[in-house]
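Chains as they are written, first to last, in numbering that gives the first Met the number 0: chain A, 0 to 248; chain B, 0 to 266.
Hints were generated in silico from the structure; no laboratory data involved. Where is the CB? At the ideal position from N, CA and C, for every residue including glycine.
Derived lysine-lysine pairs resembling BS3-like cross-links, with alpha carbons at most 27 angstroms apart:
id : chain 1 : residue 1 : chain 2 : residue 2
1  : B       : K21       : A       : K144
2  : A       : K185      : A       : K146
3  : A       : K144      : B       : K19
4  : B       : K19       : B       : K35
5  : B       : K35       : B       : K21
6  : B       : K52       : B       : K35
7  : B       : K19       : A       : K146
8  : A       : K146      : B       : K21
Covered stretches of chain B, as calculated for chain A (at least 3 residues, CB under 8 angstroms):
id : region
9  : 12 to 19
10 : 93 to 100
Pulled a few chain A residues facing chain B out of the computed Cβ check, cut under 10 angstroms:
id : residue
11 : V98
12 : E103
13 : D108
14 : S120
15 : D172
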Amino acid sequence: MTPPAVEVSGISKTFRLPHEQRTTIKEHFLHPFSRTTYETQRALDDVSFSVEPGEFFGIIGPNGSGKSTLLKILAGIYRADSGTVQIDGLLSPFIELGVGFNMELNARDNVRVNGTLLGLSRQELDERFDDIIAFSELERFVDQKLKNYSSGMLLRLAYSIAIQVDFEILLLDEVLAVGDQSFQEKCFATFTRLREEGKTIVLVTHQLGVVEEFADRALLLQNGELRALGSPAEVIATYHESIAAVPAP
Amino acid sequence: MSRLRRNLRILHVLAAMDFKLKYSGSALGYVWSVIKPLSLFTMLYIVFAKLFKLGEISAYYPLALLTGIVLYTFFADATTLAMSSIVSRETLVRKMSFPRLIIPTSTTLAAAITFCVNIVVVGVFVAWNQIPPRLNWILIVPLLLQFYVFTLGVSLILATLFVRFRDIGQIWELATQLILYATPVIYPIGFLPPWGRTIAFLSPITQVLQDIRAIVLYPDLASNRITATDAFGSSAGRLIPIGITLAIFALGLVLFKRQEPWFAERV
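The whole structure should be built from the sequences, with the hints applied where relevant.
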């Protein structure tokens, strides 16, 4: 039996949020006796699940339910207070597209910086540069600074780089929201291709339709707790029930 | 091994981007990296060499001054930029997993590129003064390496502290100005009383600067070529500022590594 691609057991994470963030010494000096008060927020509470190799795994839940925190712990960006994460396979190091994009540089330079950050070598970048630009359909804008790009164009470029990266497990946080219809369809086509190649995908999203259509299994987080885990249809149904159960304010 | 290579590639591309961005959108571009220390040099030269007549003591005063300014400018620029590097690369820190050490290191390396451009200017001055090169000038390489290690160590301490206390920005701005006058950049080291020299040579900046002056400006007055060996009265004394360099670097590394897991949630 192959080990799971991602195995999460008993993860908890608490953030200490100071009521007023004191970052200067003067503030300590002016109010030497007033203690900084903290509010603790339990972002994740004893969450356990595993993702099988080759699985498309969706994570859904309302805003502030801990989805992104969970993904950041999987990626190794945050450290969990307790619990363990075991990853088997080459993990993509990013959770959002376009990390490290610099608005003052043109697309050509940004492909090099972003591609390198995501793990492409110089040779791979040279070989795949044309593919990246062709997939993004931004040939005409390749020497423009990114500050002149629309958010949709940025997404096209970022996504086109990301799919050129070699990984076995891909973690993505809310990626396709600003793409237009034709680009979204192009992305869905790559989802299908990635699945055929046996890649594992963990996707955090609010687009329940995407989860329903592509995910093998889904997980529902609410207030940092795992509420449901199973087939996308069941999990989405639980989500809808929980929304309906909350009286409108 | 492949992980190390990947990290080195990231380091390279980030340092190149830092250097490129520093002058992007400016008409003169890289020329600024030479203009800045040269104009500071010209001003200090007029005030101290001419008005205070320090230039009359030694013909090599301008060259000694320029060497000091170029070293000092690198230290001040690199540490100041590295201090805020983790905070200013916030999105990268919050959205990607990679060794955070790359960030301040790439910033100091970008400053080192500027420093290398300035070294060329110093070289032109040396040729102008018609000082024949000597074989021991090769020792400048390990000295500059030591200087970089010290600068990186200070940068790591500052970058770590800056995530928690933004006051460090104000403190360090003041400190860099004080360091300029506490280091014998403008005045010859011989002007200090012996006890003052002992204190000055605790700083690796003084030690490296004086070592380089002693090596390159060998025809200069003996009192301008005092090194750590002379100030501490024994060749073992040289080990004191070198030891301080290593201690600062080790402290910076340990501090940074200990705080690294929390950077993403605190920036």
